Amino acid sequence: TIRHLLMHTAGIMPLDFESTIGRLVGEEGWASLPPSGRLERFSAALQSEPLLHDPGGDFLYAVQFDLLGRVLEAASGTPLDALLAELIYAPCGMDSTFFQLPPERATDLLPCYAPDPRHELLAEEGIAAEHLPPPLADISDQCGFFKCWDGSGQGYFSGSEGLLSTVKDYYRFASTLLAGGLCATTGKRMLSEASVALMTANQVPGGGDMSALLNSGAMGLKRSGFGLGVSVRLQGERGLARSDGSGECGEGEYGWGGAANT
Numbered sequence: 384t385i386r387h388l389l390m391h392t393a394g395i396m397p398l399d400f401e402s403t404i405g406r407l408v409g410e411e412g413w414a415s416l417p418p419s420g421r422l423e424r425f426s427a428a429l430q431s432e433p434l435l436h437d438p439g440g441d442f443l444y445a446v447q448f449d450l451l452g453r454v455l456e457a458a459s460g461t462p463l464d465a466l467l468a469e470l471i472y473a474p475c476g477m478d479s480t481f482f483q484l485p486p487e488r489a490t491d492l493l494p495c496y497a498p499d500p501r502h503e504l505l506a507e508e509g510i511a512a513e514h515l516p517p518p519l520a521d522i523s524d525q526c527g528f529f530k531c532w533d534g535s536g537q538g539y540f541s542g543s544e545g546l547l548s549t550v551k552d553y554y555r556f557a558s559t560l561l562a563g564g565l566c567a568t569t570g571k572r573m574l575s576e577a578s579v580a581l582m583t584a585n586q587v588p589g590g591g592d593m594s595a596l597l598n599s600g601a602m603g604l605k606r607s608g609f610g611l612g613v614s615v616r617l618q619g620e621r622g623l624a625r626s627d628g629s630g631e632c633g634e635g636e637y638g639w640g641g642a643a644n645t
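Residue numbers for the sequence shown follow our numbering, beginning at 384 and rising by one.
Keep in mind the hints are simulated off the structure, nothing from the lab. Fair warning: this is a prediction, and the values are worked out from it, not measured in the lab. We put the CB at the ideal spot given by N, CA and C, even for glycine. Heads up, a few of these hints could be off.
What the hints assert, rightly or not - List of simulated lysine to any residue pairs, SDA-like, C-alpha gap at most 25 Å:
(1) K605 x K571
(2) K551 x G476
(3) K571 x S594
(4) K551 x T569
(5) K605 x A473
(6) K605 x L574
(7) K605 x E544
(8) K571 x F481
(9) K551 x G638
(10) K551 x G590
(11) K551 x Q537
(12) K551 x Q483
(13) K605 x R616
(14) K551 x E576
(15) K571 x L435
(16) K605 x D441
(17) K551 x K605
(18) K571 x L546
(19) K605 x S594
(20) K551 x S594
(21) K551 x I471
(22) K605 x E576
(23) K605 x G476
(24) K605 x L435
Claimed, not checked - Restraint-style ranges between C-beta atoms, simulated for each label pair:
(25) L470 x P588: 24 to 34 Å
(26) A473 x S431: 20 to 30 Å
(27) S415 x A584: 21 to 31 Å
(28) G509 x E423: 34 to 44 Å
(29) A511 x L581: 17 to 27 Å
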């Protein structure tokens, strides 16, 4: 169901994702397809893959949101990039969020950095500071497995990754969710209050945590709840730290780290 897709519990995931993608990219006509055509072909290819578990039986991250992107395209008759612009960017006043970077904005693109675990590990071993690798590593090539923003990729507009944005735009998006779907900057509504409430409430059956979903543990979510697209902090859950270092999350806080913990 759509709910299973939103909770990453539909069981849909190629046994070997990279080989599936490699086969599709190598097929005749792939390179000439527009991004929506590629997404349609990828979604069709998944129909021949076996479910890896019964719907609701486990947690498999990412690809199921790509399928949601295709569902949105099929239901609306509109490519995903244009649909997101209409439903999200315009109401929130987000003028710097794209799947594909406009040529005139090329000089605005900055590297994406993440903490390099080697730095801390070697520092703990007593390696002199001058011999340590930098504390941050450039992961620009890793933060979108199938990105198409640079114009050279063979990707599609994905429901799970690939957008470029700015701090200002992301703030407007997040603060709109915080305000129950109404953007304070534009005065326009992105989602109904009821939709935001449903999305950010724990949807695990029986109000439980995700401990019964084996793969959730690998992502640190065993004791967490899950809404429709976001993890949700439960009462009594411990050890879930805020990304800004300001202590532990409070009950009901929700979010998702993203490929680069943005």
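To see whether the hints hold, each was checked on the structure:
With a CA separation close to 37 Å, the supplied pair K605 and K571 exceeds the 25 Å bound. Restraint check for K551 and G476: the C-alpha separation of about 10 Å stays at or below 25 Å, so the hint holds. Under the criterion of a C-alpha separation no larger than 25 Å, the hint pairing K571 with S594 is inconsistent with the structure, at around 39 Å. Distance hint between K551 and T569 is fulfilled; the C-alpha atoms sit about 14 Å from each other, no more than 25 Å.
For the given pair, K605 sits about 36 Å from A473 by alpha-carbon distance, which is inconsistent with the 25 Å threshold. At roughly 29 Å between alpha-carbon atoms, K605 and L574 are farther apart than 25 Å, so this suggested pair is violated. Using a Cα cut-off of 25 Å, the hinted pair K605 and E544 holds, with the two alpha carbons roughly 23 Å apart. At roughly 20 Å between alpha-carbon atoms, K571 and F481 fall within 25 Å of each other, so this suggested pair holds.
Distance restraint check for K551 and G638: the Cα-Cα separation of roughly 18 Å lies within the 25 Å cut-off, and the hinted pair is therefore satisfied. Only pairs whose Cα atoms come within 25 Å are accepted, and K551 paired with G590 is rejected, the gap being roughly 35 Å. For the hint linking K551 to Q537, the alpha-carbon distance of about 29 Å lies beyond 25 Å, and the restraint is violated. For the suggested pair K551 and Q483, the alpha carbons sit about 18 Å apart, so the restraint of at most 25 Å is met.
For the proposed pair K605 and R616, the alpha carbon gap of about 11 Å is at most 25 Å, so the pair holds. Distance hint between K551 and E576 is fulfilled; the C-alpha atoms sit about 23 Å from each other, no more than 25 Å. The straight-line distance between the Cα atoms of K571 and L435 is roughly 41 Å, outside the 25 Å bound, and the hint therefore fails. Note on K605 and D441: the hinted pairing holds, with a Cα-Cα distance of about 11 Å set against a maximum of 25 Å.
For the proposed pair K551 and K605, the alpha carbon gap of about 32 Å is over 25 Å, so the pair is violated. Taking the CA atoms of K571 and L546, the gap is near 22 Å; set against the 25 Å cutoff, the hint holds. For the hint pairing K605 with S594, the CA-to-CA distance comes to about 4 Å; that is within 25 Å, so the pair holds. Straight-line distance between C-alpha atoms of K551 and S594 comes to about 36 Å, which puts the hinted pair past the 25 Å bound.
At roughly 14 Å between alpha-carbon atoms, K551 and I471 fall within 25 Å of each other, so this suggested pair holds. For the given pair, K605 sits about 28 Å from E576 by alpha-carbon distance, which is inconsistent with the 25 Å threshold. Under the criterion of a C-alpha separation no larger than 25 Å, the hint pairing K605 with G476 is inconsistent with the structure, at around 36 Å. Only pairs whose Cα atoms come within 25 Å are accepted, and K605 paired with L435 is accepted, the gap being roughly 19 Å.
Evaluation of the 24 to 34 Å hint for L470 and P588 yields a pass: the beta carbon distance comes to about 29 Å. At roughly 37 Å, the beta carbons of A473 and S431 sit outside the given window of 20 to 30 Å. At about 44 Å, the CB distance of S415 to A584 disagrees with the hint of 21 to 31 Å. Between G509 and E423 the Cβ separation comes to about 55 Å, which falls outside the hinted range of 34 to 44 Å.
The hinted range of 17 to 27 Å is not satisfied by A511 and L581, whose Cβ atoms lie roughly 54 Å apart.
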